[in-house]
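Asker: The whole structure should be built from the sequences, with the hints applied where relevant.
Protein chains in written order, with my numbering: chain A, 33 to 144; chain B, 4 to 117.
Any given hint could be a false lead.
What the hints assert, rightly or not - Chain A residues, not near chain B, derived (Cβ > 10 angstroms throughout):
hint : residue
1    : Ser39
2    : Glu77
3    : Lys95
Said to hold, decoys possible - Derived DEER-like restraints, expressed as beta-carbon distance ranges:
hint : chain 1 : residue 1 : chain 2 : residue 2 : range
4    : B       : Gly43     : A       : Asn54     : 18 to 26 angstroms
5    : B       : Ser30     : A       : Arg63     : 20 to 28 angstroms
6    : B       : Leu33     : A       : Arg44     : 40 to 48 angstroms
7    : B       : Asn31     : A       : Ala85     : 24 to 32 angstroms
8    : B       : Glu62     : A       : Lys89     : 29 to 37 angstroms
9    : A       : Ser50     : B       : Gln67     : 26 to 34 angstroms
10   : B       : Thr8      : A       : Lys111    : 23 to 31 angstroms
11   : B       : Gln100    : A       : Lys100    : 20 to 28 angstroms
12   : B       : Leu33     : A       : Glu102    : 26 to 34 angstroms
It is worth saying that the hints were derived from the structure and are not from the lab.
No experiment lies behind these values; they were computed from the predicted model shown.
For glycine and all other residues, C-beta sits at the position ideal for the given N, C-alpha and C.
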Amino acid sequence: EDQVTQSPEALRLQEGESSSLNCSYTVSGLRGLFWYRQDPGKGPEFLFTLYSAGEEKEKERLKATLTKKESFLHITAPKPEDSATYLCAVPQFLSGNTPLVFGKGTRLSVIA
Amino acid sequence: EPEVTQTPSHQVTQMGQEVILRCVPISNHLYFYWYRQILGQKVEFLVSFYNNEISEKSEIFDDQFSVERPDGSNFTLKIRSTKLEDSAMYFCASDWQGEADTQYFGPGTRLTVL
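Answerer: Structure, rendered in structure tokens:
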């Protein structure tokens, strides 16, 4: 069973059309949830870390929120340059140094 | 802004050959990781490294793989005898204090095994 599930797999928006991406996770004792942006052929670029339910973080047109079972990445009035794959990840272990477990990502296309 | 760098950006090799992928983590970071991403698939963990030894490795990281920190700045991933299925993007990442700290990723090396 996947620990991190992202939906939708792909999303096509018109420029200016706001929407949300979802990341649900099954790990218990969440130590943090990470959002990354990945452009084709590039490495994941860090966006946000959320540590506790109710926490919100914003960066330009993006806002990430966290509940006990899922996180949302809200994109407000997107532009074509926001087109990318957005990845969600959680720590694999409950303590100590830990690798990240990634979801499959949501591929966002913003059309002018 | 400090960043993780990786070389080469693209490596083409013949099946059975050895390859070494290189990474320079962010300078004050102490924890280092290798991940890979097969085209169209998830980013997958390979190995983590701290204090000059492997701290964790996945099932993918078999005897064909090894990691090393040959000096104070470089971190390398060696694949001894490449297979077709090793073709993927390989990403190095680092963080400062482990403990679910934010990991920063390099731009990746695209490995193509022919």
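Asker: Confirm or reject each hint.
Answerer: Evaluated hints:
no.: 1; hint: Ser39; result: holds (14 angstroms)
no.: 2; hint: Glu77; result: violated (7 angstroms)
no.: 3; hint: Lys95; result: holds (18 angstroms)
no.: 4; hint: Gly43/B to Asn54/A: 18 to 26 angstroms; result: holds (21 angstroms)
no.: 5; hint: Ser30/B to Arg63/A: 20 to 28 angstroms; result: holds (25 angstroms)
no.: 6; hint: Leu33/B to Arg44/A: 40 to 48 angstroms; result: holds (41 angstroms)
no.: 7; hint: Asn31/B to Ala85/A: 24 to 32 angstroms; result: holds (31 angstroms)
no.: 8; hint: Glu62/B to Lys89/A: 29 to 37 angstroms; result: holds (33 angstroms)
no.: 9; hint: Ser50/A to Gln67/B: 26 to 34 angstroms; result: violated (47 angstroms)
no.: 10; hint: Thr8/B to Lys111/A: 23 to 31 angstroms; result: holds (29 angstroms)
no.: 11; hint: Gln100/B to Lys100/A: 20 to 28 angstroms; result: holds (25 angstroms)
no.: 12; hint: Leu33/B to Glu102/A: 26 to 34 angstroms; result: holds (31 angstroms)
Hint violations for this structure: numbers 2, 9, all remaining hints satisfied.
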